[in-house]
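*Asks:* Sequence:
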Amino acid sequence: MKAYMYDNLPGDQRLAHDSGRAVGVDELGKLGVLYYRFPDLEGVDKLATQRGYKNRDEITVSPDKMGDVYEDKVKMFFNEHLHEDEEIRYIRGGQGYFDVRSRGDDWIRVRLEKDDLLILPAGIYHRFTTDESNYVHAMRLFKDEPKWTPLSRCPQLDDIDIRKEYTYVNVRMHMDSHARSEASAPDATDVQSNKPRLQLPASCDPPSAASPARQLVWIVFGGTGHMGRSLVKCALSRGDLVASVGRVFETRPDDMSGIHENCLGGLCDVRSRDSVARAVQLTLDRFRRIDVVANCSGYGVIGACEDQDEHDLRNQFETNFMGTLHIIHATLPYFRRQSTGRYLIFSSTSGALGVPGLGPYCATKYAVEGLIEAMLYETDSFNIKATLIEPGLVRRDEPDTVDNPLPTWGHFLIKPPSEGYSHATSPALHAKRMVQWLGDRQPTSAVKCAELVWQLAHCLYPPLRLLLGSYTIESIRDRMRSVTEELEDWKHLNFPAAPDSSDKDAHRDDGLTDTIIENAPY
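Residue numbers for the sequence shown follow UniProt numbering, so the first one is 1 and each next one is one higher.
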């Protein structure tokens, strides 16, 4: 399946008419259009049972099958119309295009091929055509006896009940949700506790009563770690399907079985490209698709830069940076083919500022941030979205027990300081003091953070960064203010243009200009 905005250029309707502006499955879902991919009929049968499709038939649209009336039929299918029932098409062979109207009344073209199943809601304006191959074989499913009569678009149709219901549920309510404030939203308050419910801003179009979330398939790397465990639990509790990939150095294979009926458990070492690829393939084999990739895996060593040996440095870079890159390499081709996908990459506040005692760890997170920003530019046309999640001081909610042996600070190893950094007030011990402080306090709940990350996966307009945890905003704001002030203090030394010819010799005398030009970056 591939969806994109129709280019509205003249030419045969069977041409691609691809404007280059991709449309994702999430955006189709906001219109009530649902997409599935089933390699076999077993999945179709299960869906039919769930949605109450009692009848079915098959149709072939081709010149060989229809003879002389083929061209007239294709032109008729391409007239804009609506139906009073859902329209369900499961493609058994060939290709074809469904065009559906967007909220702004523009055409969105959806290209379907073998094994694709599309559900169009009753009341949506749409049209259909074959592609240049002039062949498509499809199964049609119905809840009751089929109603074959298409209702061609006209002003009077906007007043019939089925069209008014569709417009209200799938257009107006979604558009109105952007204008609602969190305080006035019906689900903005937890009735039992009478406390405000944590929710992303309305500008993101997060899930709400007016805009319910559809079921997504997750693969969560580091699913047994500090944040991954809470995220897996949250996604499963909300009805999503999850592949929880545990970390091999802390989890046994038996621990990953029987987590939940909607959860596939497994183990993976993100430092190994092959291990990551196997985890991705197992997820596709089980759930047949992936919508969200979350990387919660991470490893850090707390200690002065001088005290960390080559093994410490390589292990942090192999886990945090190369692990992220391996995950992207294994999933990005799949996301490109389906023209949609969502990455939720756990970075850190340490990816935005240097923390004493976490130098190499900060370096890995800086690298991850640069990687994701660059990748987003490269994949903009594929409708792939990503968010860097920057947690600050977040303590997991499970207490330390024999069954849960990880220390409160999760994926950090604390190294004993060498003599030069062992003084109690040494800046190099700042990170150690910080994580041990978490053992006595609970500044921010991992469970509440996981709820926001779950909303992030389901929102239509995700941010590039989501900052979570105590002191995160303050720390990064202070860092940015410091950089801005430094730029202002030193901007007078910027050389935007070459010196005047009359000053050329003078500049050469002191050697400053030649040095600057020679060492200037490209």
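Calculated directly from the structure, the hints in this document are not laboratory data. It cannot be assumed that every hint is accurate.
Each pair of labels, with its calculated beta carbon distance range [claimed, not checked]:
id, residue 1, residue 2, range
1, His311, Ser445, 30 to 40 Å
2, Arg337, Leu376, 31 to 41 Å
3, Gln281, Lys114, 16 to 26 Å
4, Lys164, Gln13, 21 to 31 Å
5, Asp106, Leu284, 30 to 40 Å
6, Glu42, Leu157, 15 to 25 Å
7, Asp7, Glu378, 14 to 24 Å
8, Arg337, His492, 18 to 28 Å
9, Glu58, Arg337, 46 to 56 Å
10, Ile473, Lys164, 38 to 48 Å
The model shown is predicted, which means the values in this text are computed figures rather than measured ones. Here a beta-carbon is modelled for each residue, glycine too, at the ideal position from N, C-alpha and C.
*Asks:* Give a verdict on every hint.
*Replies:* Now for the hints, and whether the structure bears them out:
1. Restraint check, histidine 311 to serine 445: a C-beta distance of roughly 34 Å satisfies the suggested window 30 to 40 Å.
2. Restraint check, arginine 337 to leucine 376: a C-beta distance of roughly 18 Å breaks the suggested window 31 to 41 Å.
3. Taking the beta carbon of each, glutamine 281 and lysine 114 are about 20 Å apart, inside 16 to 26 Å as hinted.
4. Separation of lysine 164 from glutamine 13 is about 29 Å and conforms to the stated range, judged on CB atoms against 21 to 31 Å.
5. Taking the beta carbon of each, aspartate 106 and leucine 284 are about 32 Å apart, inside 30 to 40 Å as hinted.
6. Checked against the hint of 15 to 25 Å, the pair glutamate 42 and leucine 157 fails, with Cβ atoms roughly 38 Å apart.
7. For the hinted restraint 14 to 24 Å between aspartate 7 and glutamate 378, the CB-CB distance of approximately 23 Å keeps it satisfied.
8. A hinted range of 18 to 28 Å is violated for the C-beta pair arginine 337 and histidine 492, which are about 51 Å apart.
9. The beta-carbon spacing between glutamate 58 and arginine 337, approximately 26 Å, falls outside the hinted interval of 46 to 56 Å.
10. With their beta carbons about 45 Å apart, isoleucine 473 and lysine 164 fall inside the hinted range of 38 to 48 Å.
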